[in-house]
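S.K.: Take each chain as given, in its own frame, and dock them per the hints.
As you go down the protein sequences, you meet chains A and B in turn. Position 236 (the first sequence) corresponds to 236 in the numbering used here; numbering is contiguous. Position 284 (the second sequence) corresponds to 284 in the numbering used here; numbering is contiguous.
If you are wondering where the hints come from, they were derived from the structure by calculation, not from laboratory data. Warning: the hint list may mix true and false statements.
[Unchecked claim] Computed list of chain A residues with no C-beta within reach of chain B, every gap over 10 Å: (1) ALA79; (2) GLY184; (3) ILE200.
[To be verified] Partial pick of chain B residues on the chain A-facing surface, computed with a CB cut under 10 Å: (4) GLY98; (5) ILE101; (6) LEU106; (7) GLY227; (8) PHE230; (9) TYR237; (10) ALA240; (11) GLY245; (12) THR278; (13) LEU289; (14) ARG308.
[What the hints assert, rightly or not] The following label-pair restraints were derived from C-beta to C-beta distances: (15) A:SER76 x B:VAL11: 54 to 62 Å; (16) A:LEU232 x B:THR169: 55 to 63 Å; (17) A:ALA245 x B:ALA192: 36 to 44 Å.
Beta carbons: idealized from backbone N, C-alpha and C, even for Gly.
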Amino acid sequence: MSKFMSETPANSTGDLPASAGASTAQRSSTIRRLVVPRLAGLVVPLAAVLAALAVGAVMLLVLKANPIEGYGAMLSGAAGSWDALADTANKAMPLMLVGVGISIAFRAGVINIGGEGQIIMGAISATLVALAIPGTPRVLLVPVVLLAGGIGGGIWGAIPGALKAYAGVNEILSTIMMNIVAAGLMSFLLQDLLIEEGAIRIQQTKRLSENADLPLLPGGTRLHLGFIVALLVALAGYYLLFRSAIGVRLRAVGHNPDASRYAGMAVKRSVVQALALSGACAGVAGAILVFGSESHRLIGEGGSAGFTQSAGFNGIVAALFGGLHPLYTVPASFLFGGLLTGGIELQRETQVPAALVIALNGLVVVFVVGSLKLRSRLAQWVDSTSMDAQTPQSEPDLVEATS
Amino acid sequence: MSEFFTITVLVATLASGIRLATPFLLAGLGETLGQRSGVLNLGVEGVMLIGAYAAYYTALQTGSAWLGVLFALAAGAAMGLVYALITVVLHAEQGISGIGIFLFGLGFTDLLFQKQVGTPITIGGLSRVSIPWLSDLRYVGDLLFSHSPLVYAAFLLVPVMRFVVNRTTFGLNVRAVGETPEAADTLGVSVAWTRVATIVIGSTFAGLAGASLALEVKVFQQNLTSGRGFIAIALVYFGAWRMYGVMTGALLFGIVSATVLQWKTLGIVSGGAAALTTMAPAVLTIVVLVIVSRRVGAPAALTRPFDRAS
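One chain only, chain B, in its complex shape (with noise of 0.2 Å):
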């Protein structure tokens, strides 16, 4: 235990911990949109995976990267439309209709990756940047500093994500529509559309969750998310559907990934009880869940769809 305490392997760990954020803050804070807006989007780990596919595949067949992470966003935003056509024009149950989502992005990238590529084939990945000056600062610059693209843009957008929300027009109509639609669309507010817009923008962020999980590990499997998506679902909940919760729950997350992989590693933990040490972040969402749930609103209109007929 003692080889873990010290601070380069504490810093590589929270370093790692970092990255290992990225996939849940990014599905997280596009989740946490839709959810303001009252759409619950239970197929973010479906998306992720079709996400991640694209990513990989675009990078493995082209041999660049940032060309994945465009594949990727596109897959996402595509994903998102079909799932604000079930959801919004024909007003399917959304916990239902995200399972299927789900089972489809599951299915069909590892379809796609069974026939197209076979054997996991490794790819390039995003090169780190370090920022001049800042990366060579001691400890800090490697923990902070010193990270791929995806990971500073996943972190820029939390600031972004909750101006857009609490300091725009578009944001107030969010709001508005998640909260109470019959108000808002007696003031004009389009419900459908407002939906539709959180809808795919939420789905192009998991979309790129998935890029960023899959440049990282430079790599993609059958199920490579396994269980990433449904987890920045609870992490909206965690976060109490602020953006800055989200980040909270995401880099704790992380963390705690962090750890136990370096336990691992370090041959702290042997096979078996890293297995155990797997559950940690589901128990933890649970606890979470428990003392959360009581204390704090979801937007009034979550998964409740709305029709301007009755």
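Next comes chain A alone, as it looks inside the complex (with noise of 0.2 Å):
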């Protein structure tokens, strides 16, 4: 786990040594030992989606459709109008939420596999707070519902959390089959107890409070509050991470628990903090995905996967693809998300099923963790090549915040 904790690029970003009198060799060899790790995060994972798009190339190939025209229609179903790319930022919120979440899990060295499970039971206290409290006014009952999906959602993270810590279960098999639990949970919820009165017996909640909606924002697209709440979700868990000491803390623990419990950290208080913020991040993107949607309800049509959108999962290759950092999973979610709305067009354009999007997200998954031990080789390679032997810090953000 440490060697993939170390491999982001928050590390390449150490102190430049003072160069005021260096000669040109060292100063070029400084510029590369800081710009070639930089240019290694970055074109590792893009050469990781370049490489999954190929293989989806020849998927498409297979299914006789052709590939240009396919990625054409993706491009200008995510990207192609204000629409289009307000629809990609929509898609792209869940995705960021749980990322940020996933990055906060893993660096603390805990694999968070439960994002779908956080995501409903976010989902789910959230609309049974907008129930129980409807004519509360929209200024309060807006970050009213937000808080609920987050306590949901962080209360379902810190379940596993504290199974680890205090009885030593795998999280990744117990986050698995607390997905399957929220699922089964939303399933009875709404075929009993939520369900709409009515004649017809949709698995869906009624109509919920008007003043509990995300409001939309300027511009006239479907771009809705969401997207603020997200943005602001990064930075917060990007200063909780890198500028806070639960940060150093919880990275500490990532990167050595038998260490940091020598230096007097609570490890095990860690393990459950991080996998209780990392399921409120993921229960927030569960309000989100009921009070920001079209229908304003809970909708269990599809089953589970139907309402969360595998945002559980395809957050986590979000997460991977921006290094673990709060703030590159922002751009990492659009890049996912402009495949999910992509996808829709792919398939209206060229009758290839949008399931392909999914297939290609694994590929990235794949590739971009393949593709770590290619990179600390190619840091390495610079490092070796690089005049000064000095070793670059390996954890320059943890000395950074601590002083």
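M.R.: Take a look at the structure:
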């Protein structure tokens, strides 16, 4: 895990050694040391996406579709107009939120695969709150339902966190099981307690209070307030991880739990905190999926994956692509949100099912994690060729934040 | 409730439990082998989907369910090679690359199904094989001796796999590589090749598990496996990395699922409550993980990539 943690773009932002009197050769090597790892941090994930798209092109050819037409349709569907861009942003929101949460958890050495369940529990608790106090004025109700979402998801994350910390349960397995439990609970509630009264029994709640609707942002598109919320969470995630004492502790625990324990850090509490925070981010995404949707209700049609749009898994893709850095998760989410909206256009234009995008996402994950070794080799090569043999700080931002 | 406790219904439920346990068992046995060599393959769910689709599509096109099984095995082996390349050769983080394989399998099979088939068309499946004499036994015959050939195969593989792991040179290598790869390497055992072999065999089992599911339900749909592959991985922990332990877990889960189905059919539980009971296996898994995690140790080198250079 530690290898995985250290190969991130954030690490390449090490301090520049004072180069006032440095020779040209030294300076160029310094620049190279600084730039190339950064480039490697950017080039390798981009190459992974290109490789996935290339495999996707082969799949399109096999399915007798023209890859250039297909990808063209995807591009215009994702970014062809302001409306398309707004739709991409709407799809990017849950990815961004889940991705920020994933960054926090993975950096703390906890693998959270439970995004799906945490989204669902966030959505359920936000829905329950909106049903309980529908008359509350909008300025109050919108923040309250978002908070309820965060709490619901946070609790759903804290449970596997506590199981890992205090009972030694593998969090990968427990979070996956928590996904299944959450999906069952949602299906139960929508068939039973929360189902809309009426003749046609569709698995959905009634239209929730208008006071909880996320307002549309000015500009005449479907972009809504959730976008601002997602950006703020990304910013908060960055501050938490890299500019706060909690972040130092979480990253230290992720880097080396034994050393952290020896240094007197509360390792167990950190594990619970990391998963709770991670779940809270996903829970907010759940609330946004309900109150930012066009139907303004919790809908069970198409199963739980229909509601979450698989953001719990795709958010992992975005976070990995963004090098587990909350701020880089923002553009990464736009890329994958774009793939999702583009997939719909692809289906319309070339009759190739949008499921291609899910397969592409899987390939991106495989290529990104597969290339981490390559990335570290590249960084090593740069180190060995640089004139000054000083080893770069492995965790510069750790030092930065403590000072 | 009383209609559930008649001997005919109970026998039918248990027999269906054995059938439902088969995909869990096949995938679980393969995953156990992989984990004994120190490799966690979280992609089982994706490989199962690919195996299921391969079996379904081949059976649909050729009318031969056995050819479908063959293609599912091949598809599983191919996915195993890919996973081995990523995790053994490229040393990728196993948990996350497994999720990548899962997403790929989920999207890829849905893509192919929508494009090549479109609407769910029923296929023939494998016909049940009644064992002569034994299947004529009252109740026991229906319970144990009139199943699809893949059910027999899965349960026969339990002692076979146990023998392979505990009594053969290959099995010794697998265990050595899973506990202390450095020592195994010093003794001339190739860590990489051993792990490639267990991954490919395990993944072939996962493909077969998918085929057994598709040929049992005789249809394909998006996300047909719906979490069975993940539960199979949990069963490895449940069974404490022993083949018979995995079998016990698979049977338990199969019977729980069959009971829930039977209750739904008999109208003992309503639609909403039935949704609630689908959570039962997952909750059970978490409880078991809590109990098991402290007591038994996983293979020491599980999820740890081995690099000769370091």
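S.K.: Give a verdict on every hint.
M.R.: Consistency of the hints with the structure:
1. ALA79: holds (22 Å)
2. GLY184: Answer for A:GLY184: violated, closest chain B Cβ roughly 4 Å.
3. ILE200: holds (15 Å)
4. GLY98: holds (9 Å)
5. ILE101: The hint holds - B:ILE101 has a Cβ within 10 Å of chain A, the shortest such distance being about 7 Å.
6. LEU106: holds (6 Å)
7. GLY227: holds (5 Å)
8. PHE230: Hint on B:PHE230: holds, closest Cβ of chain A at ~5 Å, below 10 Å.
9. TYR237: holds (7 Å)
10. ALA240: At 13 Å from the nearest chain A Cβ, B:ALA240 fails the 10 Å test, so the hint is violated.
11. GLY245: violated (16 Å)
12. THR278: Where the cut-off is 10 Å and the nearest Cβ of chain A is about 5 Å from B:THR278, the hint holds.
13. LEU289: Since the shortest Cβ distance to chain A is 5 Å, the answer is holds.
14. ARG308: Violated. Min distance 14 Å.
15. A:SER76 x B:VAL11: 54 to 62 Å: With Cβ atoms ~60 Å apart, the hint holds.
16. A:LEU232 x B:THR169: 55 to 63 Å: holds (60 Å)
17. A:ALA245 x B:ALA192: 36 to 44 Å: Holds: the Cβ-Cβ distance is about 43 Å, inside 36 to 44 Å.
The structure does not agree with the numbered hints 2, 10, 11 and 14 stated previously, though it agrees with the rest.
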